[in-house]
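K.L.:
Fit the two chains together into the complex; they arrive one by one in their own frames, and the hints show the way.
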Amino acid sequence: MNVHEYQAKALLRKYGVPVPRGSKVGSAEEAEAVARELATPVVVVKSQIHAGGRGAGALVADSEEAARVFESHLAREGLPKHDKPGGVRLAKTPEQAGEFAASMLGNLLVTRQTGPSGREVRQVLIEEGCDIARELYLSMLLDRSTGRNLLMASTEGGMEIEKVAEESPEKIFRVSVDPAVGLRDFQARRLAFGLQIPAEKIGDAVKFFKALYHAYVDLDGSLLEINPLVQTGAGDLLALDAKISFDDNALFRHPEVRELRDENEEDPKERRAAEFDLSYIALDGNIGCMVNGAGLAMATMDIIHHHGGEPANFCDVGGGATTEKVAEAFKIILSDRNVQAVFINIFGGIMQCDVLAQGVVEASKQVGVTIPLVVRLEGTNVEQGKKIIAESGLDIITGLDMADGAKKAVEAARAAA
Amino acid sequence: MSILLSAKSRVVTQGLGGTGKFHLKGCREYGTQMVAAVRPGKGGSEWEGVPIYDTVADAVEKQGVDVSVIYVPPPGAADAIMEAADAGIPLIVCITEGIPAADMVEVKRFLDSSGSRLIGPNCPGIITPGQAKVGIMPGYIHQPGTVGVISRSGTLTYEAVHQLTQLGVGQSTCIGIGGDPIIGTGFVDALALYNEDPGTEAVIMIGEIGGNAEQEAAAWIKENMNKPVAAFIAGKTAPPGKRMGHAGAIISGGKGTAEEKIEALEGAGIKVAPSPAELGVTLVAAMKAA
Chain A
2 MNVHEYQAKA LLRKYGVPVP RGSKVGSAEE AEAVARELAT PVVVVKSQIH
52 AGGRGAGALV ADSEEAARVF ESHLAREGLP KHDKPGGVRL AKTPEQAGEF
102 AASMLGNLLV TRQTGPSGRE VRQVLIEEGC DIARELYLSM LLDRSTGRNL
152 LMASTEGGME IEKVAEESPE KIFRVSVDPA VGLRDFQARR LAFGLQIPAE
202 KIGDAVKFFK ALYHAYVDLD GSLLEINPLV QTGAGDLLAL DAKISFDDNA
252 LFRHPEVREL RDENEEDPKE RRAAEFDLSY IALDGNIGCM VNGAGLAMAT
302 MDIIHHHGGE PANFCDVGGG ATTEKVAEAF KIILSDRNVQ AVFINIFGGI
352 MQCDVLAQGV VEASKQVGVT IPLVVRLEGT NVEQGKKIIA ESGLDIITGL
402 DMADGAKKAV EAARAAA
Chain B
103 MSILLSAKSR VVTQGLGGTG KFHLKGCREY GTQMVAAVRP GKGGSEWEGV
153 PIYDTVADAV EKQGVDVSVI YVPPPGAADA IMEAADAGIP LIVCITEGIP
203 AADMVEVKRF LDSSGSRLIG PNCPGIITPG QAKVGIMPGY IHQPGTVGVI
253 SRSGTLTYEA VHQLTQLGVG QSTCIGIGGD PIIGTGFVDA LALYNEDPGT
303 EAVIMIGEIG GNAEQEAAAW IKENMNKPVA AFIAGKTAPP GKRMGHAGAI
353 ISGGKGTAEE KIEALEGAGI KVAPSPAELG VTLVAAMKAA
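Chains as they are written, first to last, in this note's numbering: chain A, 2 to 418; chain B, 103 to 392.
By construction, these hints were calculated from the structure, which means they are not laboratory data. Don't take each hint at face value.
Stated by the list, open to error - Derived CB-CB ranges, DEER-like:
| no. | chain 1 | residue 1 | chain 2 | residue 2 | range |
| --- | --- | --- | --- | --- | --- |
| 1 | B | E148 | A | L252 | 32 to 40 angstroms |
| 2 | B | E318 | A | D249 | 20 to 28 angstroms |
| 3 | B | N326 | A | D249 | 31 to 39 angstroms |
| 4 | A | D249 | B | D181 | 45 to 53 angstroms |
| 5 | B | G119 | A | L252 | 19 to 27 angstroms |
| 6 | B | E318 | A | R37 | 39 to 47 angstroms |
To be verified - Simulated pairs of lysine-lysine, DSBU-like, Cα-Cα distance not exceeding 30 angstroms:
| no. | chain 1 | residue 1 | chain 2 | residue 2 |
| --- | --- | --- | --- | --- |
| 7 | A | K15 | A | K270 |
| 8 | A | K164 | B | K357 |
| 9 | B | K127 | A | K326 |
All C-beta atoms in this analysis are idealised placements derived from N, C-alpha and C, irrespective of residue type, glycine included.
Bound-form chain B, shown alone (with noise of 0.2 angstroms):
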C-alpha cells in the first residue's frame, strides 16, 4: 500500500525543456505511466512516443491523467500548476525551484476553490517504491515497504532513504514537500495520509530551519498519530538571518531555529536524530520502542 501515488498512476509532464525530458525518461524507466506531455503550440506531436498536448485539458480528456508534474522555469510555473488544478488533476506535483513567493500567494488561493492536491515547489516530487516515481530522486536507493518519508529537503531525502534501505527498511511512499516559504502538502497534511494508510506502519519526517511547521506538525502527531514517528532537524549551526540555500530555511527574529524544533518534537514523545548520519537507524529505534 501507499499514498497517492502507485503503480496505476498516469502522468503528464508540463515543461518539456532539458530537465523535463531527463526525468521524463528516468520516471518511465522506474515504471511510471508517463502517458502525456503539454507544450504550448505542439499538441498533436510526440517526444519519444509521448503524445504532446497544447493544454493540460487535453491530456486529461485524451489520456486520462490523474497526476501531473511541473518543470516549467520559474515565471511561468504559477501558471502551471493552475492550468493543471484547473483541467481537475487530482494530484500536482511541482519541482520547479525559484517561484516568487507572491506567485505562490496566488496560487495557494487558488487551489482553495480546487480538488487538487499540490505537492512542493521546490521539491524532488514522491515516489512509492517498486510502482511509480514522480520527480528527480534516484530511483534505485529506494526499497518497497513499509515506511513512510516526508523532508523538506531533497538530497536529505535521498541520504535518510539509502540509510533506511541499507538497514533493510522498506519505504511505503517518500514525499520530498519542498523547501519555499509557501507549500502545497505541508507535514501535517502527509501525516494525516500516512496515519490512515494500512500500508504504512512508521513515518521519519525530516524537517529544517524556518518557519513552524515543524512545531505544528508534533503538535499534530501528539494528538492524532497512532504510528511511531522519528524526526531530524537540519540547521542546527545555521546563524541567524541568513537564507541557507532555500527561500524557506531562514531564522528570523529568533524564530525558527533547530532547538526550538527540535523541543516541540521531543516534547511530543517523537524521537529526534541527534545526527544526519543516525536518521534510519533513529526510525528504527522509534519502531522497536512503539
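For reference, chain A alone in the conformation it holds in the complex (with noise of 0.2 angstroms):
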C-alpha cells in the first residue's frame, strides 16, 4: 500500500525525521493562507498523486489532452520537453501560491510513471522553500538476496537510483542491517562520510538515519525513499521528498496507516476485489482472465499474449474460493468494458472444481453473460465441475487444455471484435 508524499512525511515527523514545515490544502484559498503563514520567500506548491516524476510532469485538462502528452513527451526518454506546467511549483507570494494551487487541483497530472490516462490532483502539499546545497539520495529497502533490510545513500540525489546504480554505481553507499541488533551507529556514520556530511554535522545525521530505520521497521515499510535528502545551506539534513510503501502482509498490525489509504489512486475494480479478498490487476487487452493462483494467472496472461491475444486483467481467486468469491471475481471481470471474451483457466488444488464451476454458473445467470466464456478445468472434483458447466444450459467453449484454452479466448475475441 502507498501513502501521499504529505502522509509519509507527517508520520516521518512524528519519528523526528526532519521534513520541511507544510501544510496539505485542498483549495486556493486555503493554499494562500498557508503560505502567508509559512511567510518564508518562496513556497512549494505540490501536486498530491501516488506516481513519481511530478516535477516533470504536465498539468492538462482532460485525458485526451493527457494521452497526447504522455506519448509525444513523456512515453519514453529522449522525447522533446512540453510546455505545460509542471506538478511541482515554486512561488514567491502567497497570491501565486494560491493560483498555481488552483491551477493543479481538479486537473490531470500526467507524468511518466502515470501512464497516459494520468491522475486527478485532489489535494496540493504547500511547504516552506529551503536553501538547497546538495541534494542527496537515501532508501531503505529489504534485500531479498540477504533476508535483510538495507539502508542505501547515494551522492546523486534527485536522479532515479536505478540510472545511479547503471551509469556510477561507486557512489552509492550501503549497509545491511542485523535484525537482531538494529542500525547501528557506525553504520549509519559509515553512511555520512559517505555522503561527505561534514564533520560537525555527522552526528545529526546518525540520528537521522537511525530515525529513519525505526519509522521503516515500526511501521512495517516495504520501501523508504527520500528522493532528495537535501543538505541547506547551514549544513542541516532535510527530507525535501519522502515516499513510503507498505507490506501489505502487515496491514493487519497498523490499523493507523490502512487509514491512510487513498481510494481516489485505486483501480475502482481493483478496490472491489480487494473487498473481497481477491487479487485482480487491471491490464490494457481485451481477454478476462479468472484464475486460482498467482503463478498460474502470470503465466495464463502470458499464453493468451504468446498466441497473439492480449489479458484484460490479472485476476487470483486464490486456493480456497467459495461460490459467491468466484462470482464476485467473474462480476468484476465482466465490469471491464474492454472485455470481449472470458479465460477461465483453474486447476483445483485446494481449490475444487465444482465450486468454481458453480460460481461462474451462478454468476453468469445473475448478470446475463453476452460474450464467449472459454473454461479449462482441472484437478480435485474435475469430473463434477465439467457436469455442472454441461448441465449448467449456458453456452460455455471448453478448453481441453491451457493452450487449447487460450487459443479459443483469443479466437473468440478477434470474433467478437
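P.N.:
Below you can see the structure in the form of C-alpha cells.
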C-alpha cells in the first residue's frame, strides 16, 4: 500500500525525521493562507498523487490531452519537453501559491509513471522553500538476497537510483542491518561519511538515519525513499520528498496506516476485488482471465499473449475460493468494458472444480453473460465441475488444456472485436 | 530415491484449524506418517487418532517427528517456524500465506543459528510421489519417477507435474519454494540437493518475475549442475510496479523482469519453455539433448 507525500512526511515527523514545514490543502484559498503563515521568501506547491516524476510531469485539463502529452513527451526517454506547467512549482507570493494550487486542483497530472491516463490532483502540499546546498539520496528497503533490510544512500540526489546504479555504482553506499541488533551508529556514520557530510554534522546525520530506520521497522515499510535528501546552506539534513510503501501483509497490525489509504488512487475494480480478498489487476487487453494461484494467473496472461491475444486483467481467486467469491470475481472481470471474451483457467488443488463451476454458473445467470466464455478445468473434483457446466445450459466453450483454452479465447475475442 | 522427504518421514502438524485438519487428512490418505499435531492448551487430547501436544518439543520427544508442516495464520506463523526450529526439527514446511516480511527477516536470522531447513512460506509444500506428501498439492496428479520439480508458484507446479505425468514422466521430489520475497529454501539450495540425489535425472525449475533468484540459479547451474535443467518464467506480460498476487512477484525499477531471467537461463544453456503449455515437452527435450 502506498500513501501520499504529505502523509509520509507526517509519519516521518513523528519519528523525528526532519521534514520541511507545510500543510496539505484542498483549495486555492487555503493554499494562500498556508503560504502566508509559512512566511518564507518562496513556498513550494506540490501536487499530491501516488506517482513519481511530478516535477517533470504536465498538468492538463482532460484525458485526451493527457494521452497526447504522454505519448509525445513522457512515454520514454529522449522525447522533446512539453510546454505545460509541471506538478511541482515554486511560488514567490501567497497569491501566486493560491494561483498555482488552483491550476493543479481538479486537473490531471500526467507523468512518466502515471501512464497515458494521468491522475486527478485532489490535494496539494504547500511547503516552506529551503536553501538547498546539495541534493542526496537515501532509501531503506528489503534486500531479498540476504533476507535483511538495507539502508542505501547516494550523492546523486534527485536522480532515479536505478540510473545511478547503472552509470556510477561507486556513488552508492549500502549498509545491511542485522535484525538482532538494528541499525548501529557505526553503520550510520559510514553512510554519512560516504555522503561527505561535514564532520560537525555527522551526529545529526546518524540521528536522521536511525530515526528513518525506526520509522521503517515500526511501520512495517517495504520501501522508504527520500529523494532528494537535501543538505541546506546551514548544513542541516532535510527530507525534501518522501515516499513510503507499506507491506500489505503487515497492515493487519497497523490500523493507523490502513486509514491513510486513498481510494481515489486505486482502480475501482481493484478496490472491489480487494474487498472480497481477490487479487485483481486491471490491464489494457480484451481477454478477461480468472485463474487460481498467482503463478498460474501470470502464466495464463503469458499464454494468451503467446497466442496473439492481450489479457484484460490479472485475477487470482486464490486457493480456498467459495462460490460467492468466484461469482464476485467473474462480475468484476465482466465490468471491464474492454473485455470481449473470458478465459477461466483452473487447476484445482485446494480449490475444487465443482465449487468454481457453481460460482461461474451462478454469476453468469445473475449478470447475463453475452460474450464468449472459455473454461478449462483440471484437478480436484474435475468431473463434477465439468458436469455442472454441461448441465447449466449456458453456452460455454471447453478448453481441453491450457493452450487449447487460450487459443479458443483469443479466437473468440477476435471474432467479437 | 528422493530428496528431503521419504516414506520414513514422521510429520507433525502445527496449526490444526480447518485448513490444517483438511490437509492432515489428505496427507495421511496419501500415505504420509502424520503422527502428531500441536495446539497449545490442547495437549493430551487427540484428533481423529492423531495425538495433540502443547509444544513442538513434546511432539519431537514423544513421536520422534522429523518434519513439521505449518498452517498457523500469519500473525503467529513466524513464531511457529521458530518453535519448530528450536525443537530441532530438520525440515520445516510453512504453507501459510501472508506473513509480514519483517517477521521473515527475523525468522531467517533465527534459522541461521539452527540446523533446520525451511521450505516456504506461502508455498504448496513438498511431495515425494508414491512415498509421502507434506502440503496442499493434489496427490493424484503425481507419479513416481526421476524428475525433480522446483517452483515459486503453487498451481503452476501442478500444471508442470500434470504435463509431465501425461507424458509418462514421473517425479522424484517436487518442491514449492514459495512466492514471498524471503523464503527458506531457494532454487540454488534445492538444485544442489537434486544434483547429489542419485534418484533424480533432470530438473524443471519454474520461476516468476521479481528478485533475481533465477539469475543466481542460472549462474549456479552453469558452474555446478551435472544434470539437464529446463525452466519456465511466469510474468512476461506483467506490467512494472504491480504486485502480481505473490508478494515477491513485482517488477521494481525495471529489475526482475521475465526477459532478464530468460536471458540469464538461456545464457547458462538451460532450455526455457516458450509457453506454460510446453513445460513437460521442454523438459523431455532437455533430457534427450543431454
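K.L.:
Each of the hints needs a verdict: does it hold here or not?
P.N.:
We went through each hint and held it up to the structure:
no.: 1; hint: B:E148 with A:L252: 32 to 40 angstroms; in the structure: holds (37 angstroms)
no.: 2; hint: B:E318 with A:D249: 20 to 28 angstroms; in the structure: holds (26 angstroms)
no.: 3; hint: B:N326 with A:D249: 31 to 39 angstroms; in the structure: holds (36 angstroms)
no.: 4; hint: A:D249 with B:D181: 45 to 53 angstroms; in the structure: violated (20 angstroms)
no.: 5; hint: B:G119 with A:L252: 19 to 27 angstroms; in the structure: holds (22 angstroms)
no.: 6; hint: B:E318 with A:R37: 39 to 47 angstroms; in the structure: violated (56 angstroms)
no.: 7; hint: A:K15 with A:K270; in the structure: violated (34 angstroms)
no.: 8; hint: A:K164 with B:K357; in the structure: holds (12 angstroms)
no.: 9; hint: B:K127 with A:K326; in the structure: holds (25 angstroms)
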